[in-house]
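Trainee: These protein sequence lines are chains A and B, in that order.
Numbering follows my numbering, in which position 362 of the first sequence is assigned residue number 362; successive positions increment by one, without gaps.
Numbering follows my numbering, in which position 89 of the second sequence is assigned residue number 89; successive positions increment by one, without gaps.
It is worth saying that the hints were derived from the structure and are not from the lab.
It should be emphasised that the depicted structure is a prediction, and the values quoted were computed from it without experimental measurement.
Treat the hints loosely; a few may be bogus.
Pairs involving identical chains hold if they fit within one copy or between any two copies, as the list cannot separate such chains.
Said to hold, decoys possible - Using 20 angstroms as the maximum straight-line C-alpha spacing, the simulated DMTMM-like pairs for lysine to aspartate or glutamate come out as follows:
{"id": "1", "residue 1": "Lys301", "residue 2": "Glu160"}
{"id": "2", "residue 1": "Lys126", "residue 2": "Glu152"}
{"id": "3", "residue 1": "Lys399", "residue 2": "Glu46"}
{"id": "4", "residue 1": "Lys42", "residue 2": "Asp56"}
{"id": "5", "residue 1": "Lys175", "residue 2": "Asp17"}
{"id": "6", "residue 1": "Lys42", "residue 2": "Asp63"}
{"id": "7", "residue 1": "Lys420", "residue 2": "Asp355"}
{"id": "8", "residue 1": "Lys129", "residue 2": "Asp174"}
{"id": "9", "residue 1": "Lys126", "residue 2": "Asp176"}
Protein chains: 2
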Amino acid sequence: MKQLSEMTSGELKEFYDAALKEYEACKAKGLDLNMARGKPSKAQLELSNELLTIIDPANCTMDGIDARNYGTLEGLPSCRKLFAEILDVDVEEVFVGGSASLNLMYDVIAKAFTHGLLHSEKPWAKLDKVKFLCPVPGYDRHFTVCQSFGIEMINVPMTENGPDMDAVEELVKDKDVKGMWCVPKYSNPEGIVYGMDTIRRIASLRPAAPDFLLMWDNAYCIHEFDGEYLPFPDILTLCRENGNADMVYEFASTSKITFPGAGVACFATSRANMDYMKKLLNAEIISYDKLNQLRHVLFLKDKAGVIEHMKKHAAIMKPKFDAVITSLDENIAPLGIASYNRPKGGYFVSLDVMDGCAKRVHALMKEAGVVMTGPGATFPYGKDPNDRNLRIAPSFPTKEELEQAMQVLCACIKLAAAEKLLAK
Amino acid sequence: MKQLSEMTSGELKEFYDAALKEYEACKAKGLDLNMARGKPSKAQLELSNELLTIIDPANCTMDGIDARNYGTLEGLPSCRKLFAEILDVDVEEVFVGGSASLNLMYDVIAKAFTHGLLHSEKPWAKLDKVKFLCPVPGYDRHFTVCQSFGIEMINVPMTENGPDMDAVEELVKDKDVKGMWCVPKYSNPEGIVYGMDTIRRIASLRPAAPDFLLMWDNAYCIHEFDGEYLPFPDILTLCRENGNADMVYEFASTSKITFPGAGVACFATSRANMDYMKKLLNAEIISYDKLNQLRHVLFLKDKAGVIEHMKKHAAIMKPKFDAVITSLDENIAPLGIASYNRPKGGYFVSLDVMDGCAKRVHALMKEAGVVMTGPGATFPYGKDPNDRNLRIAPSFPTKEELEQAMQVLCACIKLAAAEKLLAK
Numbered sequence: 001m002k003q004l005s006e007m008t009s010g011e012l013k014e015f016y017d018a019a020l021k022e023y024e025a026c027k028a029k030g031l032d033l034n035m036a037r038g039k040p041s042k043a044q045l046e047l048s049n050e051l052l053t054i055i056d057p058a059n060c061t062m063d064g065i066d067a068r069n070y071g072t073l074e075g076l077p078s079c080r081k082l083f084a085e086i087l088d089v090d091v092e093e094v095f096v097g098g099s100a101s102l103n104l105m106y107d108v109i110a111k112a113f114t115h116g117l118l119h120s121e122k123p124w125a126k127l128d129k130v131k132f133l134c135p136v137p138g139y140d141r142h143f144t145v146c147q148s149f150g151i152e153m154i155n156v157p158m159t160e161n162g163p164d165m166d167a168v169e170e171l172v173k174d175k176d177v178k179g180m181w182c183v184p185k186y187s188n189p190e191g192i193v194y195g196m197d198t199i200r201r202i203a204s205l206r207p208a209a210p211d212f213l214l215m216w217d218n219a220y221c222i223h224e225f226d227g228e229y230l231p232f233p234d235i236l237t238l239c240r241e242n243g244n245a246d247m248v249y250e251f252a253s254t255s256k257i258t259f260p261g262a263g264v265a266c267f268a269t270s271r272a273n274m275d276y277m278k279k280l281l282n283a284e285i286i287s288y289d290k291l292n293q294l295r296h297v298l299f300l301k302d303k304a305g306v307i308e309h310m311k312k313h314a315a316i317m318k319p320k321f322d323a324v325i326t327s328l329d330e331n332i333a334p335l336g337i338a339s340y341n342r343p344k345g346g347y348f349v350s351l352d353v354m355d356g357c358a359k360r361v362h363a364l365m366k367e368a369g370v371v372m373t374g375p376g377a378t379f380p381y382g383k384d385p386n387d388r389n390l391r392i393a394p395s396f397p398t399k400e401e402l403e404q405a406m407q408v409l410c411a412c413i414k415l416a417a418a419e420k421l422l423a424k
Numbered sequence: 001m002k003q004l005s006e007m008t009s010g011e012l013k014e015f016y017d018a019a020l021k022e023y024e025a026c027k028a029k030g031l032d033l034n035m036a037r038g039k040p041s042k043a044q045l046e047l048s049n050e051l052l053t054i055i056d057p058a059n060c061t062m063d064g065i066d067a068r069n070y071g072t073l074e075g076l077p078s079c080r081k082l083f084a085e086i087l088d089v090d091v092e093e094v095f096v097g098g099s100a101s102l103n104l105m106y107d108v109i110a111k112a113f114t115h116g117l118l119h120s121e122k123p124w125a126k127l128d129k130v131k132f133l134c135p136v137p138g139y140d141r142h143f144t145v146c147q148s149f150g151i152e153m154i155n156v157p158m159t160e161n162g163p164d165m166d167a168v169e170e171l172v173k174d175k176d177v178k179g180m181w182c183v184p185k186y187s188n189p190e191g192i193v194y195g196m197d198t199i200r201r202i203a204s205l206r207p208a209a210p211d212f213l214l215m216w217d218n219a220y221c222i223h224e225f226d227g228e229y230l231p232f233p234d235i236l237t238l239c240r241e242n243g244n245a246d247m248v249y250e251f252a253s254t255s256k257i258t259f260p261g262a263g264v265a266c267f268a269t270s271r272a273n274m275d276y277m278k279k280l281l282n283a284e285i286i287s288y289d290k291l292n293q294l295r296h297v298l299f300l301k302d303k304a305g306v307i308e309h310m311k312k313h314a315a316i317m318k319p320k321f322d323a324v325i326t327s328l329d330e331n332i333a334p335l336g337i338a339s340y341n342r343p344k345g346g347y348f349v350s351l352d353v354m355d356g357c358a359k360r361v362h363a364l365m366k367e368a369g370v371v372m373t374g375p376g377a378t379f380p381y382g383k384d385p386n387d388r389n390l391r392i393a394p395s396f397p398t399k400e401e402l403e404q405a406m407q408v409l410c411a412c413i414k415l416a417a418a419e420k421l422l423a424k
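Assemble the whole structure, with the sequences as input and the hints as a guide.
Mentor: In structure tokens:
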């Protein structure tokens, strides 16, 4: 195959005709597929069905606590221990909440606005401006939280080792820059694992804001689908060693370990932050669902148990990711009209089509019955400055559906590229 | 028995000596009892154990929705329907959240501060002053929420039919008065059921604040322990009929129906509020725990099922309340040194000892090994202006423990009253 940029206009016209024909054929199939969200498949849900009946009604007590009743705001000790093992932090640094880490993330930021954080001079609601650094492409729900609070988002380019730290170090000199989002392992959507040097530079930042908030969303901390579990550094310790003990809140959940809608989520942070936040949380809730915490402890047992369990997810996920990459390798790579990553964990393949073509590809896909994450969703305010990034979420469809969807996607990428080059 | 106020000083001295002796005898028993919180007993928890294993792993789908996966922010339709039946509102008016109604209440107020409510001119965080009306005595956790947000709380006296509406109607003329707490059925702590006239006057308030927020905490909507289920009016309809459709958020939960730590909570509000709030909640969470919603639907089935189930609670609760009332009737009433209510539902007996004696009684109790809710807890800022109200929570101890605790309490009430009268 010839790269499109090297084609003569005649060849390009011919290519366009073929792509259009291919696309029309796809459309004729009348598909109805969805690869919009990082939603586990039914097969993955089945892996945790044992959770549903794992509590013996005759024994609802764990750590001397009756999990059915009120109490223990910070979570069941055994469940805190489970997360402490996974995140390689101390038990005392872990707060186990409800079913959603997004909820905990939102809550920390909400409290920064209404009450201020531990080192805030005043609640952020009293400030004229609050800015956040957003490595891009990134997770749309992080951006939605910021947007909901009127936080000004500043794009920071991602490198293959994580956020561009030269840019970050410069930007945090602005005292209005109050925080930064990070998905350090298998970043959403690129699947990048932050390099050790990048992580060290993050932990040793010297932000002008005394209450700078590092939102360390370790959503995919244990979510390898290709190869062995990859250990990662404990950001709490690194921050503490660099004089930034209270700068970071780390988040994790079992949403993509057990049940997305009914897992257990946690944050981990310094003891000082924990004391501060527990006082505020005490006004909000008596205690989170400890029975669900108990279910997870009984089912997952410990970190080794989680890693073992994640291998079952991997066995389902890897063939799907392989299908995506193979399809792109075979149909798109030789044409030089897109680039994409080859993640070994997480939930996404990040695809950069030709500049100015992402919206078009998305619209073509939709017309052919395949829903993808909205173009621009991976950028603050939904604005991809190059209109090129698309997020592929292979988990939910079956492998067969995914192969069909990828066929359509390849046809759309080709068609949009040819349209673009012919219009020049 | 003679009333203390009619005793000669000699009789009083004699009474004091006897009370002291009785108290010392209680103390010598070395008790370790807790009637501080409205916490269901172990026997009550056992009533819902079937919940724990009620989901058939082969069928996690309800209303066409796989309860294990992400989605359906507003809750499982069947669970919304269950609450709609209980509260006598429309399904579309119900939002089912996580395990705690307190969490939802806090969240509505938090959003008033960060974003404003539907009819707010600006977020409350931008206002110099926010005031709330607090019928007293009331629920300490309501007051804690207010205090956490720096809301100025204004005491409103309770009458036997609910809040003093003359006072309320006057107070809402102040535009800084942004809301009011109500526990309309079996109020915490007095067990008062608001009268229909009071409810109508509340629903037809004309507050100066366009975003006045009626916090209708229907915590004990179906919690009779004595006699048949008492129907109550739908506040949403009443507010709508009086041109106040968007003024009210009603809250309920299964915390005292199934498991306190792992129930399901909801709010009910106008469709306009629902649309507004759902947009804000969408930034906060993808969806709440639908598996737990499913468990509750399967276990409780419908309103009739809940009423049936509550009779089992009543069978455990009534003997305990009877023990409290009998003890007070026999030992305290003839002395004219305390007054108390005789609730038919809810979780508390509200006890007014002699003015200036509540703290003393509480301290004496503690010294004798019985923990009660802190004196003043039933008032904003923990300040009971008459230092007389104590909340008795009979649910958690066994009947035998409760009888012991009441013996101590009666001794303490007598001792404190005698001390007080002798000191005059």
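Trainee: None of the hints should be skipped; say for each whether it holds.
Mentor: Do the hints match the structure? See the list:
1. Lys301 to Glu160: neither (34 angstroms within a copy, 53 angstroms between copies)
2. Lys126 to Glu152: For lysine 126 and glutamate 152, the Cα distance is within 20 angstroms both inside one copy (15 angstroms) and across copies (18 angstroms).
3. Lys399 to Glu46: Cα proximity of lysine 399 and glutamate 46: one copy only (16 angstroms, versus 45 angstroms across).
4. Lys42 to Asp56: between (26 angstroms within a copy, 15 angstroms between copies)
5. Lys175 to Asp17: Classified as neither; 55 angstroms inside a copy, 68 angstroms across copies.
6. Lys42 to Asp63: Classified as between; 17 angstroms across copies, 33 angstroms inside a copy.
7. Lys420 to Asp355: within (9 angstroms within a copy, 84 angstroms between copies)
8. Lys129 to Asp174: Within one copy, since 11 angstroms is at most 20 angstroms while 31 angstroms is not.
9. Lys126 to Asp176: Classified as both: same-chain Cα gap 12 angstroms, cross-chain 19 angstroms, threshold 20 angstroms.
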